[in-house]
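Asker: Taking the hints into account, I'd like the entire structure generated from these sequences.
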Amino acid sequence: MKKLRGLSNKENIHHEETKHVSRRDFIKTVATGAAVITTGKSLDASFVSMVEASQYSTAVKKSAHLFSAVGRVVEVQDELVAAKSYDPDASIVQKMMDRGMRELTGKSSLVEAWRSFVSPEDVVGIKVNVTGGKVVMSNYAVINSIIDGLKSAGIKENNIIVWERHSGRLETVGFKLNKSSQGVRIYATGDGVGYDPEVYYDTNIPGELRESDLEYGKKEISTRSYFSKIVTQQITKLITVPVIKDASQAGIAITLKNLSFGTVDNTPRFHPPDILCDPAIPEICANPVLRDKAVLHILDAVHAQYNGGPQGNPQWVWNYNSILFSTDPVALDYLGAQIINEKRKKEGMPELAKAGKDPRHINTAARKGLGTNDPGKIDHLKIDLTEVS
Amino acid sequence: MIGQKNQWRCPHGISKARRMWIFSIILWCLTNGLSRGEGYNAASLNPTDLLPGKKELMEWSSVSPPEVYLKEGLFDYMDGGAELYLEFNFKRVAIQEYTNKQGSSFMIEVYQMDSPNNAYGIYSFDTRGEHPVIGQGATYSSGLLKFWKDRFFCRILSLDQGENLKSIIFAIGEKIAARILTEGARPHILTYVPRENITPESIHYFHQRVTLNNFYYLSDKNVLNLNEKTEGVFFEYKPGGKIAKVILIRYPRTEDSLAAFKKFLNLYLQDKDFNNVGSNEEKEIIRSVRDGEYMGIKLDRDYLVLVFETRNKQICQDILRGMSRRLRVRKSECMVSSFCCLVRRTLAHGQNHDPSHR
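Chains as they are written, first to last, in the working numbering: chain A, 1 to 389; chain B, 1 to 358.
Hints are computed from structural coordinates only; laboratory data are not their basis. Accuracy of the hints is not assured; some may be wrong.
To be clear about the criterion: a stretch of chain A counts as covered by chain B if any three or more of its residues have a C-beta under 8 Å from a C-beta of chain B, and this derived list gives those stretches [unchecked claim]:
1. 122–134
2. 158–171
3. 210–220
4. 242–249
5. 265–271
6. 350–357
Note that CB positions come from ideal geometry on N, CA and C, so glycine has one too.
Answerer: Here it is in structure tokens:
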């Protein structure tokens, strides 16, 4: 297999003949260096859950979304994408990405499609999801393709930050952390970046603090969840790359959960059976710091898990062979829950709600205006590339 | 010289018999302890002790130092998945990834629970697949080997394909299991599960409703008053062909099982006529619930038996009463067994207390 060349050399990795991007290759594509992270835009934002969006004034608002379509979801499928190995075929992923971006934005040029969401001066965060381990995670081929698209839109390589909440987990699945001023940055909130003391979600559910929480050592219990400085201070735009998983408490762990619980600290308090992460998930997502910056959601559904989540359990994983594109996280979660339910039905399992995993945060999120869960308003375009290839 | 040797006396005044006894203990330690090389009693082990070293893995090398998460940090590792492990009194986990020159990789997770019961409990969450003889119970499916032994639960995962990798994973599993010299008892409540007409993979041990809901969803509410002190087993039983779902729960006290019985009637069956059930009474209720299906509940001292999805009332009643009989028979057996055990221990203690009496 031909090795990918480093992104630091400003090469477009998708022009390579390589068909399969392994984890190792991905690591090699990300150059490492020794300099310190450049400081992102510092946002003057202080937030409590009930604060109105109008009170929020940041640099982000000046570069508001260029493209947004409530309810529009483009799903691109190719049954061959993971036919040869567990890691998806990079060349097929690239085709799926290109088609999805064009269809979602209505632009014939890929560069224009990416520029519908970002402009060259942006610092773009790519929020990946690796809590399911290698079993169900944001695939390297998808992340690589997004990086490539952003670069084609004029984003400087070092202004792209691939991030997660905990660095340990990132490393476990094979990411090589890079905090330098060279190459795409890869790190986690827990990797020395920390949480912003000025931006938090406060609700009347006390949580026992852990070492990774901002207030640990000062208090034992807190009702606050602080937002990652990556989101509040370093990036101006956010692209999320969630995966499809069921979850024992929230019902599903797809777009909204990845966006919310992947950004703030002190989240175990929302998991007990009487709370089920609702309304915490939608309320955190409704924070303008997330709502305004999260411009695009690319749901990596090459693999999906219908039971036993959010921990990765391969016996409940199947190849769904799709990537879904949307600016509407609620519509994506609604469709994601449907996809899981259909699979559970096929496997003779009760649907999520009848198994005590009702993803009720989807309804709450819709009520809060974060998107739509009304099937009549969801414009779900399905494209099967297997048929045309 | 021989005479001199026979005349030797211990300077500390320890008798010959006692010296022999001490010598025997030292000899036993040497033969049973050290000679087993790298094996250890589970109580003295940490999960990191069980991760294979470089010598054992030959061509495989660890990618980075092992990660260790304690109870407080488990959410950092698996987010909402932590709830399940915490229900089974998780203590710590060690995680290590290994790769070889060909680019294949596998990951080992060794979880330490507080007891063998709970190691079995987390293992029993899903046991569908092949069952290699590793530890005290093992399952392999889709590249994931899981096994339990004593208070440890281990997962070895490789998403790379190939039969060779599967045999490597099995061999590593065997090595890890061999390091744990002791075995732990399975939860006692499992002894009440019938041996015939059972789907073995359907047997799940639980404490609280988070886990039970994964196997059989009853309600958003805690209708059975499940908590960290209750223990239960769920299984699928097909005495008459059609599969019935059975839940058996043991409560710490009879008052607790009675309270749970009443709560279930009130909240699940919405029946308020049984609030005056006496604590020492045995109660059995069978109801038609939907589409000709029946469910039943039986209070039997500190136990509750629940049966769901039976075709007719008779089958439901038979299962409830059969379980009740098992509870009584097994309890009698256990009492006899415990008494015999106590007698043996007392006799042994009397004999061993002072070896010089022999």
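Asker: Of the hints given before, which are not true for this structure?
Answerer: none
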